[in-house]
Each structure stands twice: as C-alpha cells, then as structure tokens.
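Peer 1: Chains as they are written, first to last, in the UniProt record's numbering: chain A, 1 to 369; chain B, 1 to 267; chain C, 1 to 265.
One should not assume that every hint holds.
Stated by the list, open to error - Here are the computed lysine-lysine pairs in the DSSO-like style, where the Cα-Cα straight-line distance is at most 30 Å:
no., chain 1, residue 1, chain 2, residue 2
1, A, Lys78, B, Lys85
2, B, Lys85, A, Lys111
3, A, Lys117, B, Lys180
4, A, Lys108, A, Lys69
Hints in this document: simulated from the structure, not taken from any laboratory.
Each chain, letter by letter, is given below.
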Amino acid sequence: MRNASIIQFRHVTKQFNDETVVLDDVSFEIEGGKFYTLLGPSGCGKTTILRLIAGFIEPSEGEIFFNGKKINQVPANKRQVNTVFQDYALFPHLNVFENVAFGLRIKKMKKTAIEEKVSEALSFVNLQGYEYREISEMSGGQRQRVAIARAIVNEPKIILLDEPLSALDLKLRTQMQYELRELQRRLGITFIFVTHDQEEALAMSDEIFVLNKGKIQQSGTPIDIYDEPINRFVADFIGESNIIKGKMIEDFLVEIAGKPFVCVDGGMNPNEPVEIVIRPEDLEIRPEGEGKLSVTVISQLFRGVHYEAHCRDLEGNVWLVHTTKKIQVGDKLGLDFNPEDIHVMRFDESEEDFDRRIEQYTEDESLGK
Amino acid sequence: MGNKFMRNVYMVPYMVWVLLFVIAPILLVLYYSFFDIHGNFSFINYERFFTPVYLKLTLSSFWYAFLITFISLLVAYPTAYLLTKTKHKRLWLLLIIVPSWVNLLLKAYAFIGIFGAYGAANNFLEWIGIGSRQLLFTDFSFVFVTVYIFIPFMILPIFNALNSLNPALLDAANDLGASKSTTFRRVIFPLTLDGVKTGCQVVFIPALSLFMITRLIAGNRVITLGTAIEQHFLVTQDWGMGSTIAVFLILIMFLIIWLTGFRKRGA
Amino acid sequence: MQGKASPAAKIFLMTIIFILYAPIFYLVFYSFNSGGSMSGFEGFTLDWYRELLGDTRLLIIVLNTLVIALLSALFATMIGTFGAIGIHALKRSKNSILGLNSVLIVSPDVIIGASFLILFTIAGIRLGFYSVLLSHIAFSIPIVVLMVLPKLAEMNPSLIDAAKDLGASRWHVFTKVIFPYITPGIFAGFFMALTYSLDDFAVTFFVTGNGFSTLSVEIYSMARQGISLHINALSTILFLFTILLVGIYYVISQRSGLKLGGFRR
Numbered sequence: 001m002r003n004a005s006i007i008q009f010r011h012v013t014k015q016f017n018d019e020t021v022v023l024d025d026v027s028f029e030i031e032g033g034k035f036y037t038l039l040g041p042s043g044c045g046k047t048t049i050l051r052l053i054a055g056f057i058e059p060s061e062g063e064i065f066f067n068g069k070k071i072n073q074v075p076a077n078k079r080q081v082n083t084v085f086q087d088y089a090l091f092p093h094l095n096v097f098e099n100v101a102f103g104l105r106i107k108k109m110k111k112t113a114i115e116e117k118v119s120e121a122l123s124f125v126n127l128q129g130y131e132y133r134e135i136s137e138m139s140g141g142q143r144q145r146v147a148i149a150r151a152i153v154n155e156p157k158i159i160l161l162d163e164p165l166s167a168l169d170l171k172l173r174t175q176m177q178y179e180l181r182e183l184q185r186r187l188g189i190t191f192i193f194v195t196h197d198q199e200e201a202l203a204m205s206d207e208i209f210v211l212n213k214g215k216i217q218q219s220g221t222p223i224d225i226y227d228e229p230i231n232r233f234v235a236d237f238i239g240e241s242n243i244i245k246g247k248m249i250e251d252f253l254v255e256i257a258g259k260p261f262v263c264v265d266g267g268m269n270p271n272e273p274v275e276i277v278i279r280p281e282d283l284e285i286r287p288e289g290e291g292k293l294s295v296t297v298i299s300q301l302f303r304g305v306h307y308e309a310h311c312r313d314l315e316g317n318v319w320l321v322h323t324t325k326k327i328q329v330g331d332k333l334g335l336d337f338n339p340e341d342i343h344v345m346r347f348d349e350s351e352e353d354f355d356r357r358i359e360q361y362t363e364d365e366s367l368g369k
Numbered sequence: 001m002g003n004k005f006m007r008n009v010y011m012v013p014y015m016v017w018v019l020l021f022v023i024a025p026i027l028l029v030l031y032y033s034f035f036d037i038h039g040n041f042s043f044i045n046y047e048r049f050f051t052p053v054y055l056k057l058t059l060s061s062f063w064y065a066f067l068i069t070f071i072s073l074l075v076a077y078p079t080a081y082l083l084t085k086t087k088h089k090r091l092w093l094l095l096i097i098v099p100s101w102v103n104l105l106l107k108a109y110a111f112i113g114i115f116g117a118y119g120a121a122n123n124f125l126e127w128i129g130i131g132s133r134q135l136l137f138t139d140f141s142f143v144f145v146t147v148y149i150f151i152p153f154m155i156l157p158i159f160n161a162l163n164s165l166n167p168a169l170l171d172a173a174n175d176l177g178a179s180k181s182t183t184f185r186r187v188i189f190p191l192t193l194d195g196v197k198t199g200c201q202v203v204f205i206p207a208l209s210l211f212m213i214t215r216l217i218a219g220n221r222v223i224t225l226g227t228a229i230e231q232h233f234l235v236t237q238d239w240g241m242g243s244t245i246a247v248f249l250i251l252i253m254f255l256i257i258w259l260t261g262f263r264k265r266g267a
Numbered sequence: 001m002q003g004k005a006s007p008a009a010k011i012f013l014m015t016i017i018f019i020l021y022a023p024i025f026y027l028v029f030y031s032f033n034s035g036g037s038m039s040g041f042e043g044f045t046l047d048w049y050r051e052l053l054g055d056t057r058l059l060i061i062v063l064n065t066l067v068i069a070l071l072s073a074l075f076a077t078m079i080g081t082f083g084a085i086g087i088h089a090l091k092r093s094k095n096s097i098l099g100l101n102s103v104l105i106v107s108p109d110v111i112i113g114a115s116f117l118i119l120f121t122i123a124g125i126r127l128g129f130y131s132v133l134l135s136h137i138a139f140s141i142p143i144v145v146l147m148v149l150p151k152l153a154e155m156n157p158s159l160i161d162a163a164k165d166l167g168a169s170r171w172h173v174f175t176k177v178i179f180p181y182i183t184p185g186i187f188a189g190f191f192m193a194l195t196y197s198l199d200d201f202a203v204t205f206f207v208t209g210n211g212f213s214t215l216s217v218e219i220y221s222m223a224r225q226g227i228s229l230h231i232n233a234l235s236t237i238l239f240l241f242t243i244l245l246v247g248i249y250y251v252i253s254q255r256s257g258l259k260l261g262g263f264r265r
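Isolated chain A (complex conformation):
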C-alpha cells in the first residue's frame, strides 16, 4: 500500500521574465514521512521546485497540490511548510532564542508556551543552553542547528532543506548527514533535501529525484538509481561508471567492443544501438588471455582503499577499473564481469517507458521460467 501523497506536482512549468524555462512540465508525487532528495547540477531546477513548494514563487503553468488541495496561490506564510536555507538566513539582529521563537511569536502564542517549545526544539538539535547567544557567536555547525530548530519548532508537515550542508567542512558534513537522517526518523515528517552532492543523496535518502535541465530524469530509491540508471546523464552523475556504446542484438544479448555478451536486459528492438554501463568496481582483473576482454593498462593511481586504473581494449574503448590488485602501466590483462553487472540504456527513453519496459521483460522472464 502506498501512503497518500502530501505534495503533488501536475505538469508544472516555471519560466522567469527573461523566458528561460527552469522547470519544464514536471509531474511527481511526494509521500508523507519520507526523506526525499532532489539531486542535480546547478541550474537543473531543484531549488526552483523547493521554492515552489515553499511558496516563494508561483508556477507559470500547472498545478501544485498539498494534501489534495491546490495551493498555487497560497502565499508562503500560510503554508505548513518550513525551510532550512542554504546560508541558514538566521536573523542577525535576534539571538538564538528569538530566532527560533520567530514563527511562534507571529502566531501570537503564549509566552510560557513559546519558552517551552523553543527549549524543546533546541534540545532536539543538541543546543540546550545556547538560548541567549548571538548568531554571530555561533559556529557554522551551530548555526545550521539553529536553522533546523527554527524550522521544526513550527511543527510543519514538510521541511525543505536547500543545500544546508554545503557550507560545512567535510567532517562536519558527514556528521550532520547522520544527524539529519536521524532527526527525520524521530520527527516522522517529510524532508525534502536539495543537493548537488550525489554521495550525500545516496547516503541519506529514501527516494531520490535526479534532475537535469528542468526535467526529472529519474526517480527511485538510491539502490535503483545506482544500479539501473535510465540514461547517460544519470549514470555519469551518480557514482563512477564506464559508459560504452553497444548494440542490442536481441533480448538478453548485447554486443560490446565487437563481441556478444549475455546480459539481463530486454524489451528493445533487434540490433538497436544502445549504451551500456558497467561500474568500475564490477570489473575484475584477470591474467592476460583470461576474462571477457583483453586490455592494456594506460594509467593508474593509488586511492587508498583501491587502485584506480584506466585500461584500453582492442577496440579503443577506455575502461575505468577499481581493483585491490597491484598492477602497472603497460600490463596486458583480461577483464571479467557478470551478466547482471551489465546495464543497458536506450537513447532518449522516458522514465515511464523505462519502467514499463522493465516490468514487461521481467514478467516475460518469469513467465518463461
């Protein structure tokens, strides 16, 4: 059973005055109580989606629903949504307490109730005792927590986070990733998180929306998106990958580097040109003459956990390989991989077609067995 959707976009388009289209006919649904991530390069439209949900901007076309009600014209201050801003946007003239209490004071809540709620919110983010500090006295990580407390204290249905970790250093960022995920579980409300960092997205999300050029390229769980990227953009943007041109001879048989290989994909036209993805960690190093491909090592780097090597096959394709075996430039080797490590992508396939095709041939497969 699916939960009822809390946010729904129907054919939403957003263009600004100068006619640049930042969102192009986007439709999706967001369910209550999950951690969502909008992932994409800068200018892909992810922040625009966030600002549309927050109510800072209105869509040019299409409809936005909140719990089934259309909210296109509802202003930001009347929505049950709160935002954690990229640079935190804490009020510099107010101290920590007053920043967190800002929304409650506007609701004209009683003084004692405000004090209670503020201290509860601050203890939620481990900032008890910092009530009367000035914002200028707080470190980056602490400001981050104040911004979160200021959002959750209003008990919104959704919290929007606009690249909130981008200003933090690597170590703090990793720690905050755990804390945010944990916070979302404890609060049980929907988090919509915007980032351009694919590792962050993979680590934190229940569900990821990959965006590019104003369109959602693919949505799904981190594992789905990593294992079965829909197109070259997604495969390239998420994780490291070898993307090689190939030809789909027939279902479950693909031609790579001039040789046929058994794979697990199907539902395409015979002899259709395709692209295949093999992740560098799925390639195994074998002695020369063994394995499925013969290659020569052209460069290598030591990366700590593994060696990263670039190898060229007989057709001239370059393969990125992660291996723990010690190899040297100029070595002639064999590369091996399993049929299920090959992921085949069609050119210009929409997400619906992709889903339908996968459903189709996996059904065929199970019927055939």
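Starting from the structure of chain A, add chains B and C where the hints point.
Peer 2: Frame of chain A; chains B and C shown alone:
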C-alpha cells in the same frame, strides 16, 4: 625600527594636520568661550547662554532640526525602499544623488524664485484655486528647502542598508509565517536601523547649524544655533559668545553621534 | 532586495526625482528669459550669458575658485593618502586616529569656519587666498583618508610579502605594489576633495577676507540682493560642469568598484 621611522616620516604632514586643524581649533573655541566682548576672562557667556533668550533659541533650533530630520526620514525611507526594487537601481540612485552635487547656494537661490510672489509655486496655487500667498520668509519654505537639500543624504545610507539586506532573510520571515507588514516591522526595519541612524545623524547636525538658508529663505525669521554663531563672529564681533554657542553645538554633536552610534560617513 | 516596482511606486519615485530636479531646471529655464525676473518668461535671450562672460570680476572669481579647488584637492590627496597608509599600518591607536579623522567630516560647517577664523587670527595669517586654501586642504584631508583606507584594507597582505619575496625594496613595494593598487581610491578621494572645495560656502565665508572671494560666496552676496538672472546663467554653466564631474567620478567609481556617493556637506 627603520620601518617604524619610515612610517612616522610620511605620516608627519597628516599628524600636523590633526594637531593644527582638528585638535587646536576645538581647544581655541573652548578658550575663547571664556572671554567677554572686551577680552576679559569671565563666565559671562555661559551665564548668558542660560538666559531665556538663548535657551529659547536652542530649543527652537532643536525643534526645526527635529522637524527637518523627521520629514526627511518620512520621504527618504520609502524612496530608498522603492529604489532597491527598481531594475537599474544604481542608475536611479545616481539620479537621486546628482542634485546634491549642485552648488547649495544655487538651489537655495532657485527657491527664492520659485517661492517668490509671482513664482512657480504661487502660480500653481493660483491655478488650483487656493490663491497666491506669502511663501518666502515663512517656516514652511524654510523647512521645505532644507528637507529638499538634505533628502539625498538621508536616502543614501538607508539605500545602502536596504541594499545589503540578505534577501533570504525576507524569504525566511515569510516562510515562518510573517506577512509583508510583519516582515517589515520585525526584520527589514530593525536590520536597516543603522542606515536610518546614520541618515538622521547627517541631517540633524547640519540642520542645527544652518545659517545660509535661514538668511536667504527664512529671512531671519528662523534663527538657529548656526545663525547665532555666524551673527556673533561676523556681525557683532562677540567671538566669546559665538565660541560659547559653538562649545554647546560641539557637545550636542558628540551627544548625537554617541546616541546614533559612531559610524563613518560615506562608508 | 530584488523585486518589481509597481506603477504606484514608479510614480512616487518619479515625483521625488521631479521635485529634486525642478529647481535646477527652473534656474536654467529662466536664464534664457529676456524679462529679467524668475517669473513670466518674456522672450528668449542669451544676453545674461553674454554679460556674464564679459564680467572680468566674476571671471577672476571663477578662476580663484578653480585654483583653490585644484590646489587644495592636490595637497589634501597627498597628505591624506600618506596619512591613510600610516593609519592602515597602525595597530593600537588606529581607532582614536580614525575618530579624530572624522571630527571635521561630522562637524557643522559653521564650527569649522568659526574655529578656523580664530586659528588664522591667532596665527597671524591674513584672511584671503592662503587662509581659504589652507581651510579647504584641511576639510578635504579626512575624506581622502576615508576613500583610500578601504582600498588598503582590501589589499591582500601577501601581495606585499610576495613583492618582498621577489626582491623588491621598500620603495619598490610602495611604488610598484601599494600605489597602483590604491590608485582608484586616490582618484576618488581627489574628486571628492575637488567637489568639496568647489561647493563649500560656509567655511570660506568665515575665513575669506575683503579682497578674495569664491563663487559660492559671490552667489550668496548676489542672491542676498535679490534675483539677478546672471546667477541663473552661471548656474546653467555650473550645472553642466557638475554633470561632467559626476560623469568622471561615476566612471572612476565603476572601474574601482567603490560605493557611489561619498557624502557632501
């Protein structure tokens, strides 16, 4: 050591300036305030300052300066706010600033013509059916011209404060449930208060000490502290009394700077 | 603070700008009036300009004003620039020196004028060209300092280390690194000093003697005698000159990224 010496050498003219033209003049004004018109040491000037004539003068000078500052602020804040909303705001700002570069005397002189018996202002009043009246040498013309002259100086610091406001803060306030007016009251105004203070400072202090406009536009109807100083120094030659008023003006100046928070002008 | 201006907002702004410019164009308009007063335009004439250009006394005053402005700006810029470099290097006493620096900027003109009058009288300097020049240098120095200091502050200290590392002497560090870097600030300071001087009335009024006058003082005495369209003609010329100065200053400030519009008194 050599470094320090070098620094001192090229700072010498500047330090001489500080001594001769900043510190010495203030001390001289203080010194002269203790001499009566015949050159004898006395406290007579201070006694005279606390007589009703001078106290009334100080009070009315304050009242006019307050009025001028307040009206300037009322006009300047919305203007600055709207300037930040325009597309080419730097250009608009330049348009506002340029008149302040036109010689002050010429602007005051223009109003002698405009507010004159047959000037444009009276023509306008005639045309809308109110009928012409005496405008020049009234409180109204004095306040109007002074506000006219000071407006750009009030707009500039407020504009700079508004312009450096982080737009995300307005989104944040909106996001937390604040309406437009609440956002203005609780976020925009408090955060631009420094600009307002600077603006008030650069208008109030000169407004206390004007003398040229009072003579040309108000026809000596309005006497400010500045007019009184000019009168004593250049007309009655009573430098002692003039210096005494100057001492109080300096004290008031420091008080206002202290009240509005010390800030570099033009910064 | 981004957003779109509503029509009402535009009308408000236009009104403010109209009020700010109306008096100036009023002056310019009547400078072509053959009628002789600032009411009732009788006919177009250039007589006032012709008479103005034939008035040698006034031309000498214009010349005086320009000489005072250029000389005072030049001296103030030199003293102020070196002062700013000195202040920049200070540690402990920086704030008190900056406070003293600001006194003449914040002080009302009347006080500056009156106190300088006392100073020159005591020092035995005759009131005239030199007293006016000295006063103008004095009140222009702090604004030059305020224009140069931000440029020094934004200069990366490693630039100086880098120059020294590459073998530059102290003199070379100054002429090849510091000076070129702060040049925009120096120019801005020079122009501010120039316009301060050209525009000053009150201080000059106090410290000038019988034989010496500047334009502002002259306009004041003319205006006290009532309306004379010579002043209108003069104001047209000065307005055009101001526009030229603003243009130059704008270009400089755009290039150097300085904030527009230092304060005038």
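Peer 1: Taking the earlier hints as the rules, which of them does this structure contradict?
Peer 2: Violated: hint 2 alone.
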